[in-house]
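If you read the sequences in order, they're chains R and S.
Quick note on the working numbering: the first sequence kicks off at 3 and runs consecutively.
Quick note on the working numbering: the second sequence kicks off at 817 and runs consecutively.
Since the hints were made in silico from the structure, they are not lab data.
There's no promise every hint is true.
Taking CB as the label site, the calculated pair distances span [as the list claims (entries may be wrong)]:
no. : chain 1 : residue 1 : chain 2 : residue 2 : range
1   : R       : Ala500    : S       : Gln1366   : 52 to 60 Å
2   : S       : Asn1432   : R       : Gly19     : 19 to 27 Å
3   : R       : Met499    : S       : Asp1165   : 50 to 58 Å
4   : S       : Pro1425   : R       : Pro179    : 37 to 45 Å
5   : S       : Asp1389   : R       : Gly432    : 52 to 60 Å
6   : S       : Ala1370   : R       : Arg374    : 44 to 52 Å
7   : R       : Ala436    : S       : Ser1484   : 24 to 32 Å
8   : S       : Arg1128   : R       : Pro179    : 41 to 49 Å
9   : R       : Ala372    : S       : Pro1425   : 14 to 22 Å
10  : S       : Ser1198   : R       : Ala500    : 29 to 37 Å
11  : S       : Pro1071   : R       : Thr135    : 52 to 60 Å
12  : R       : Glu283    : S       : Arg1538   : 46 to 54 Å
13  : S       : Lys1428   : R       : Ala235    : 33 to 41 Å
Over 10 Å on every C-beta distance to chain S, these chain R residues come out as not near it, computed from the model [to be verified]:
no. : residue
14  : Thr9
15  : Gln41
16  : Asn147
17  : Lys182
18  : Ser190
19  : Pro234
20  : Leu261
21  : Gly289
22  : Thr296
23  : Phe376
24  : Arg398
25  : Ala460
26  : His468
27  : Ala494
Here a beta-carbon is modelled for each residue, glycine too, at the ideal position from N, C-alpha and C.
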Amino acid sequence: MTNTSGTINMILAALGGEGGGVLTNWVIDVADREGWLCQSTSLAGVAQRTGATIYYLELFPRDRLQGGAMPVMSLFPAQGDIDIAIASEIAEAGRMVQRGFVTPERTTLIASDHRVYGITEKEHLADGIVDATVLQSVAGQYARNYIHYDMLALANEHGTVISSVLLGALAGAGVLPFAKDSYRAVISATGKAVASNLAAFEAGYERASSDGVEQFQPPPAPEADTAGFRLPAATTAEGQTLLQRLQGFPESCHEILYLGLQKLVDYQDYAYAHQYLDELESLLAPGAGSDEQTLVRECGRYLALWMCYEDIPRVAQLKTRPDRVEKIRSEVRAEPGQLFAVTEFFRPRVEEMCALLPVRLGRWVQASPACRRFLGWFTGGKRLRTNTVTVFLLLRGLAGLRRWRRWTLGYSHEHALIQSWLQAVRSTAGSDQALALELVECGRLVKGYGDTRARTTAQMQAILAHAATGSASAAGIAALREAALADDEGRAFAQAMAA
Amino acid sequence: MAERSFAQEVLKLRAGDGDVFRGEGILAITKALLQSGVSYVGGYQGSPISHLMDVLNDAREILAELGVHFEANGSEATAAAMLSASVNYPLRGAVTWKSTVGTNVASDALSNLASSGVTGGAMVIVGEDYGEGSSIMQERTYAFAMKAQMWLLDPRPNLPSIVDMVEKGFGLSEASNTPIFYMMRIRGCHVTGEFVARDNVAPGFSNRNPVQPRREPEKIILPPHVYAQEREKISQRLPAALAYIKEHKLNEVFPGRHQQIGIIVQGGVYNTVIRALQRQGLADPFGNTEIPLYVMNVAYPLVPDELVEFCRDREQVLVLEEGQPEYVEQGIHTVLRRANVDTRVRGKDIMPQAGEYTGQVTLEGITRFLEQAAPAVPLALSSVDVEALRNPLSEDDQQALLVNVPPRPSGLCTGCPERPLFSAIKQVQKELGPFHISSDIGCHSFATLAPFNLGNTIMGYGLSLASSSGIRHSLPHKSISIMGDGGFWHNGLTSGVSSAVFNKHDGVLVIVDNGYSAATGGQDIPSMVEPNQIIATTLDAASASRTDAQSIEAACRGAGVKWLRTVSTYSIDAMMDTLREALTTSAPGLKVIVAEGECMLNRQRRIKPLMKQAINSGKRTVRARFMVDSDTCTGDHACIRISGCPSLTIKPNPDPLRRDPVSYVDNSCVGCGVCGSNAHAAILCPSFSRVDLIYNPGRVDRIAARVRGAVIGWLQARTARRQQETAL
């Protein structure tokens, strides 16, 4: 695969902390062992501060040297002049393709399938994650060979960083004329984490060489949501009654509604779950077509979430779950049996406290400056050690308050809103399916705590008010919803409402 | 203590005659300086020559063995002034900085140095940060070299040439009594290769062999000498330089068989030109070319005799000069017209005016030139082929990538102490804003990007306070300037603080004090941050690593600041209160807030080995980290929007009913506590928890855990039973 310059050209993109520099040095050392000259250079991104670092290497066999003359190698990767492109992450592979460094005639692309999300994906108000399958399919089209799998998972499996798996993939791809032993020797020579790096190298090598060249196959289109879901058998008598009612719904709704019922029973009680089905049944027209089914299913999704709004008892309930300690253990990667303390960061506001009071009392307290001042003493930031007995008992006590939830101000407030939302959906469902579905989809907006909750709720109310005027269209509602998710200061939403 | 340690690599600097030296460009330059017998070295860090400062710093022992004096200068101006040692005495000296920003800072001293002239070789190694991957405004050093008359070396980017040109550069400087710019491009600084070393040379004068103090009044820049110096530049120094360059063959001619044309190129771009010719089938792997080349390793001054000789018998030449304006091209025109040579000179007429000459740009330009100037020369790729390479993607695929390749703007590191500061400012802005903020150079510049989006102008290193002086009377709020500790010592104390106090500036200055020149790679600066216990880890270095710190507070007070507060950046509430007070107080004069928090990269480097050691030796150790409870997270990501921490990311929502990904703290968390403080300060949500992992638990830990486990476990077992009884 040599070209007129006689070199093998390789570009490598790695994010900060992924060991791109280490990998580059390994390749230089492997080349040296094999009697090849290697020139490397980089556009250094220092530590985590500057996105991806690009390394560029050119290799030339010493046995082709003539006399004392040294080859002249380029310091720039150039479009159409790359033999091997390595990306530690799939979006970075996409960037390489975008920049023209991957060409079908020449370039072997080695890229891990995992994602490291960019800030624009992370800061999105809902779901800003890009479509990695698009990246993969484009990458597969433009690469001569495309070697890809989740290399980070493999690295984690062996308790090391991705650079050793990438080296394995490079060796296993067979694109460099170097013996596997040279790679192994270079890793051993570093003297650092040799065993884990060698194991990860081997695993990377195996994946790359055994699967041969993987041409990207787009994953099969996802089946309808219902595929594969079988309604589990009831474990209690009350559960049996609920599931029997659920049978009355189209099959395509079963999974979501079942999950909804589960959540509601856990959140409150069986009656609350029946209440949920009552609302959904009123939406269900006999002999519903697939559009109507979607409407019920999606309404079931957001209604369940909304009915299980996160008040103080709910948060306390979730924080005292029996399985929580083990969840935390795996999340923070504690060793089995290792002791740890857990400190929760709470900051309830007066509003959340009032939401727990009976409706009239709650309203009165909220309106009384003196009471607000009094409650204000308890609103500072709280750090609670949930692994201590006192705090655990306190939270358990708070969780127990859910018995009285139906009589609280918070409940009446949320359910009034829920009713106006459902009313809007019902009143449009008959005449304009698409509009009704868009209104249902607005249920996605209602989330968060404190100011976020207040903002999203207000936006929901504004959308419903707009729908009530009768001049709303499906596209208009969708646009409003998008605007609500565009920024968290409500600027885009205010503009969209004004338009 | 810099980010990258060269402790191992610098041992190579001891290599002697005949040893093969392998390494990076930066290290090769250091070795070349030692081989040239330098007496003193200095500089100021900044990409791409930060590592040169780090190498020199790590090589102190070797420098001391030779009697070479090293200073980590306070600024580029300091470094330039250091070169005055070479004015009266035959001392060789070299300083380094990032150009053109550093050259601008140094310009006063440089101009005077260039006027006085030097006796010993004086060299400024500039990291020319021009082109893709650059971090500053795009200008070149070339103009400065011309107007101050300093020679500019731009060697071919291979280690033997780089080393050779350092040694010859000192010769040129001494032969022409002129200081030299030695230019290194970003990629050249980092290029790896090998060269055959020579013995290091101890300087003729040092603390072991002091000079005899000597006055040369004609070298002082006062009338009437300045005028004489200006004439001497032209009458003596320039001719001497041209003679030396010719005699020692600093520039190179590579002959080729197509003699009717030629390419004139600066040394630094030579490899890219050869690659383009290789791809066109016009050069072999070793650079033997069919197109004649004139390679200017000395970019300034031009050598008229050499140019005339190279061009005289050619129909057309192509001048490849990166950047604008095209000084070299203009100079060649002048040379040729004066000599009445009518060779056609091509350059910026077919090459882009602005920007780096990358592989693709150079290939396109050379192809265009050859097709027009020598149509008979067969090419492997036509200009149509070459242009197609620029973008091989179909329109649909381009669009798909445009939408799906997320940008990765620079951001603050995991646990960075500046993050909570900007979270605090962002929250205060909600109450009192919107703000106009004068920003500065440093990691804190990244606050101007997502997710903070704070800051309006950046005028230079340490110049934020100065740059708010014109706008302050027109703002609806007190002016706000943010400056780093690096910028403060570099320039900000004088041009900012003392000037502001003198002018009764009523604004707020936030000095981000992280203890290092962090953005350039964590070099030490005069002040430092005392280790503190705010961050949730039991282990911390009990005492500071240095005992010679200079205090920012004392410096400000000395400059007349009356209102001064020092706040830990990690205390977001306290920081918000302080900001609010500073912005609303009726106290007159400058309000200075020293926002203190040690650079987390440096801190981790310090603490990680200590922690490992403590754990391995069986000592009870607590390591804190944060997590997001995915059961209570609703996927709004407000926490990310006020933080942007790399370890705070997202993952698919475990609740199949929810569609939006939940926030997630990955394993790189260092437990700085900002998530928790933000959850409190911004009243976010109850999803953040701190987990204190206990290594080598003591008896108290174990007993407490057993008791708690028994009680809580019993209660939870009841809950689990009830859950089962009330399931579906």
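Here is what the structure says about each hint:
1. Checked against the hint of 52 to 60 Å, the C-beta distance between alanine 500 (chain R) and glutamine 1366 (chain S) comes to roughly 55 Å, which is consistent with it.
2. A beta carbon spacing of about 23 Å between asparagine 1432 (chain S) and glycine 19 (chain R) agrees with the range 19 to 27 Å that was offered as a hint.
3. Take methionine 499 (chain R) and aspartate 1165 (chain S): their Cβ atoms lie about 54 Å apart, and the range 50 to 58 Å holds.
4. At about 40 Å, the CB distance of proline 1425 (chain S) to proline 179 (chain R) agrees with the hint of 37 to 45 Å.
5. In this structure the supplied range 52 to 60 Å holds for aspartate 1389 (chain S) paired with glycine 432 (chain R), their Cβ-Cβ distance being about 53 Å.
6. The beta-carbon spacing between alanine 1370 (chain S) and arginine 374 (chain R), approximately 45 Å, falls within the hinted interval of 44 to 52 Å.
7. For the hinted restraint 24 to 32 Å between alanine 436 (chain R) and serine 1484 (chain S), the CB-CB distance of approximately 45 Å leaves it violated.
8. A beta carbon spacing of about 47 Å between arginine 1128 (chain S) and proline 179 (chain R) agrees with the range 41 to 49 Å that was offered as a hint.
9. Under the hint 14 to 22 Å, the C-beta atoms of alanine 372 (chain R) and proline 1425 (chain S), about 57 Å apart, miss the expected range.
10. A hinted range of 29 to 37 Å is violated for the C-beta pair serine 1198 (chain S) and alanine 500 (chain R), which are about 55 Å apart.
11. For proline 1071 (chain S) paired with threonine 135 (chain R), a C-beta distance near 55 Å keeps the hint of 52 to 60 Å intact.
12. Glutamate 283 (chain R) and arginine 1538 (chain S) have their C-beta atoms about 29 Å apart, which leaves the hinted 46 to 54 Å range violated.
13. One distance hint, 33 to 41 Å for the beta-carbon pair lysine 1428 (chain S) and alanine 235 (chain R), is violated here, with the actual separation near 52 Å.
14. Look at threonine 9 (chain R): its CB is around 7 Å from the nearest CB on chain S, not clear of 10 Å, so calling it non-interface is violated.
15. Glutamine 41 (chain R), annotated as away from the interface, has a beta carbon of chain S within 10 Å; the closest lies near 6 Å.
16. Distance check on asparagine 147 (chain R): its Cβ is at least 16 Å (rounded) from any Cβ of chain S, clearing the 10 Å threshold; non-interface status holds.
17. For lysine 182 (chain R), the requirement that its beta carbon stay farther than 10 Å from each beta carbon of chain S is met, with the minimum near 24 Å.
18. Chain S leaves serine 190 (chain R) outside its interface by the beta-carbon criterion, the shortest separation being 18 Å against a cut-off of 10 Å.
19. Its beta-carbon lying about 8 Å from the closest one in chain S, proline 234 (chain R) breaks the requirement of being farther than 10 Å from that chain.
20. Once the 10 Å rule is applied to beta carbons, leucine 261 (chain R) is inconsistent with being away from chain S; the minimum gap is 5 Å.
21. Remark: the non-interface label on glycine 289 (chain R) is consistent with the geometry, its nearest Cβ contact in chain S lying 27 Å away (cut-off 10 Å).
22. Here threonine 296 (chain R) stays apart from chain S, with its beta-carbon at least about 14 Å from theirs, past the 10 Å limit.
23. For phenylalanine 376 (chain R), the shortest C-beta to C-beta distance to chain S comes to about 19 Å, beyond the 10 Å cut-off, and the non-interface label holds.
24. With a minimum CB-CB distance of about 7 Å to chain S, arginine 398 (chain R) fails to clear the 10 Å threshold, and the non-interface call is violated.
25. Non-interface status of alanine 460 (chain R) relative to chain S is upheld: no Cβ of that chain comes within 10 Å, the nearest being about 14 Å off.
26. With a closest Cβ-Cβ approach of about 22 Å to chain S, histidine 468 (chain R) is found to remain outside the 10 Å limit, as its non-interface label requires.
27. Interface exclusion of alanine 494 (chain R) from chain S stands, the closest Cβ pair being 15 Å apart, more than 10 Å.
Going down the numbered hints, you'll see the structure goes against 7, 9, 10, 12, 13, 14, 15, 19, 20, 24, while the others check out.
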